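So the protein lines, in turn, are chains A and B. Here numbering that gives the first Met the number 0 is used: position 265 in the first sequence is 264, and no number is missing along the way. Here numbering that gives the first Met the number 0 is used: position 91 in the second sequence is 90, and no number is missing along the way.
Each hint should be verified, as a subset may be incorrect.
[Claimed, not checked] Non-contacting residues of chain A with respect to chain B, defined by C-beta distances greater than 10 Å in every case (computed):
no.	residue
1	E168
2	R178
3	E290
4	T304
[To be verified] Below, computed lysine to aspartate or glutamate pairings styled on DMTMM-like, alpha-carbon distance capped at 25 Å:
no.	chain 1	residue 1	chain 2	residue 2
5	A	K134	A	D60
6	A	K134	A	D166
7	A	K134	A	E120
8	A	K134	A	E168
9	A	K134	A	E117
10	A	K134	B	E184
11	A	K134	B	D17
12	A	K134	B	E5
13	B	K48	B	E184
Since the hints were made in silico from the structure, they are not lab data. Please read these numbers as outputs of a predicted model, since none were measured by experiment. Note that beta-carbon positions come from the ideal geometry of N, C-alpha and C, so glycine has one too.
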Amino acid sequence: MTQTADTTSPAVSFTGVVKSFGAVRAVDGAHLAVPRGETVALLGRNGAGKSTAIGLLLGLDVPDAGTVRVFGGPPARAVTDGRVGAMLQDGRPIRRVTVRELVTFVASTFPRPLPVAEALELAGLTAHANRRVDKLSGGQTQRVRFAVALAGRPELLVLDEPTAALDVEARRAFWGSMRAYAERGNTVLFSTHYLEEADQHAGRIVVIDHGRIVADGTGERIKSSAGGHLVSFDLPDDAEAEPRAADLGRLPGVVSVESAGTRGGRARLRTDDSDATVMALARLGAIRRLEVVPATLEDAFLALTRPRTPTGPRTEPRNEPRSRTWSRSWSRAKETV
Amino acid sequence: MPALLEYVTLEVRRTLRDPGFVLFGTGMPVLMYLLLTNVGGGGGAQGGKEWEVASMVGMAAYGALGAAVGTGTGIAEDKSLGWLRQLRITPMDPRQVVLGRALAGSVTVLPALLAVLTAGGLVNGVRLAPWQWAALVLLLGAGALPFTLLGIGNGYRLSAQSAGVVSVGCLTVMAVIGGLWFPVELFPGWLRALAVYTPANRFADLGWSLTRGTAPGVTTVLVLLGWLLVFGSYAVVSYRTSARTT
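Isolated chain A (complex conformation) (with noise of 0.2 Å):
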């Protein structure tokens, strides 16, 4: 029943996984391997479908179509083998418990746990062992959802937006922890919508967008997969000397349009080959405030995701509207990692 049954297959492994909630798809025929010992984000607005995957993936859900299998097996056969721990995104906690009385029941339940002492360790929670769970900071408890996560020892270690909560210092903490666990050869998976954590603490990241799964690599071929320059310049005050968007498109190297049309405006150009772009925009004169930039992840990001319709599908119930929020959560990441 442990890992003696299969040690090749994949950690994790989708094919053609579908899920949907009503008419939304919230998981849209993902295809996604694992291999063991791999530390992966997963990388999407709120609402792309990251927690719909990882109900599926820790048998929390059962997919409409397709088949979720974690070490070769049902996901919920390897959660009953004891190699899978999680830290779900809306648990709260339970009330009149203290940490330790917590993470030790939750260790009992495991064949191969960790000691309870090393599970607080790593959570950074030893001074706060005694307190009671529904009596700490919001950051505090974040911290003993990872002591939960990590307390049975698990091969694959899940983590559902795992830093939400934490101010600078604990992220920084948490993700020494995570590492540390990783390097003893396990497999971590977690998601975010913070890009800079997916680039900097995972050696995959697999981009996910209204429940597809957009982009998957290391940053650097996302990066370049979303082409190569950005190639911007301030558009003309005289209405007759505009280029239109359309033309600007067919202009050599460039990929996409990202804004233009605004008089007065800024004109943004994604291109693969930035030289050629320039030369023509020369010709045409449009080289006000001209600026040529490597593409960065973040332009990646956004060239990948695109919000849909205004009324695209909506998945995980949020209360920010999802045109701005990734945005958003990206200038707060760049204030604080």
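Place chain B on chain A using the hints.
Leaving out everything else, chain B in the frame of chain A:
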């Protein structure tokens, strides 16, 4: 320690550390017992020692019933906190979770039970043989299981708010019709005939027969087993429905 035992310990701790549970859960039945047996000349409905003993058993049963049905409120809360989901991703078999809750329920009925029996012995001077006291605690503790299952059914089926209201509703209706507050002899004939088949009445009858020095009747045990089956099925069905949706 095995997971099930750890789980029962965890749940018992959580319940007994709830000041509301301890104060109201034990205070209410004790207070009602003392009022019903001492106000109005201490005679009560039937008068004398006999009523003091019968009411002691009735109120102890009422206290145990309240704690048992109250399990549901805790479960409904756990559901809203996401704790039941977290439990589902531990290796513990979900059936063990339900079993653990039922076992924890059998422990958390004890404070109310013991408090009323103590009030009976110390305040009202009820005298019983030591084996009778011991058997009272054991039988009423174990006999509360159907009600814990009813609570578990409510907890998995209902939201935290409705579970609270429904628990109190179940408790009050069962206690009144079951004759835990007032003897069924005061009821009209048709209600009396009905009352003796209700779960709370047969539950308390376990204790009443003990205080008369006899073993519980066969009908009593059969009726209780029937209710155990009914509430047990309710718990299982509610649990299954909930597992599909949470």
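Each hint, compared with the structure:
In this structure A:E168 is separated from chain B by more than 10 Å, as the shortest Cβ-Cβ distance comes to about 26 Å. In this structure A:R178 is separated from chain B by more than 10 Å, as the shortest Cβ-Cβ distance comes to about 23 Å. Separation of A:E290 from chain B is adequate, the least Cβ-Cβ distance of about 47 Å exceeding the 10 Å criterion. Every C-beta of chain B lies more than 10 Å from that of A:T304, the closest at about 27 Å, which supports listing it as non-interface.
In summary, the hint linking A:K134 to A:D60 is not supported, as the alpha carbons are separated by about 31 Å, beyond the 25 Å threshold. In summary, the hint linking A:K134 to A:D166 is supported, as the alpha carbons are separated by about 18 Å, within the 25 Å threshold. Among the hinted pairs, A:K134 with A:E120 is consistent with the structure: their alpha-carbon atoms are about 19 Å apart, no more than 25 Å. Using a Cα cut-off of 25 Å, the hinted pair A:K134 and A:E168 holds, with the two alpha carbons roughly 21 Å apart.
As the CA atoms of A:K134 and A:E117 are separated by approximately 22 Å, the hinted pair is consistent with the 25 Å bound. The straight-line distance between the Cα atoms of A:K134 and B:E184 is roughly 51 Å, outside the 25 Å bound, and the hint therefore fails. Proposed proximity of A:K134 and B:D17 is supported: the alpha carbons are some 14 Å apart, at most 25 Å. With a C-alpha separation of about 22 Å, the suggested pair A:K134 and B:E5 falls inside the 25 Å cut-off, and the hint holds.
Taking the CA atoms of B:K48 and B:E184, the gap is about 17 Å. The hint holds against a cut of 25 Å.
Figure legend: structure checked against the earlier numbered hints; hints not met, in rising order: 5 and 10.
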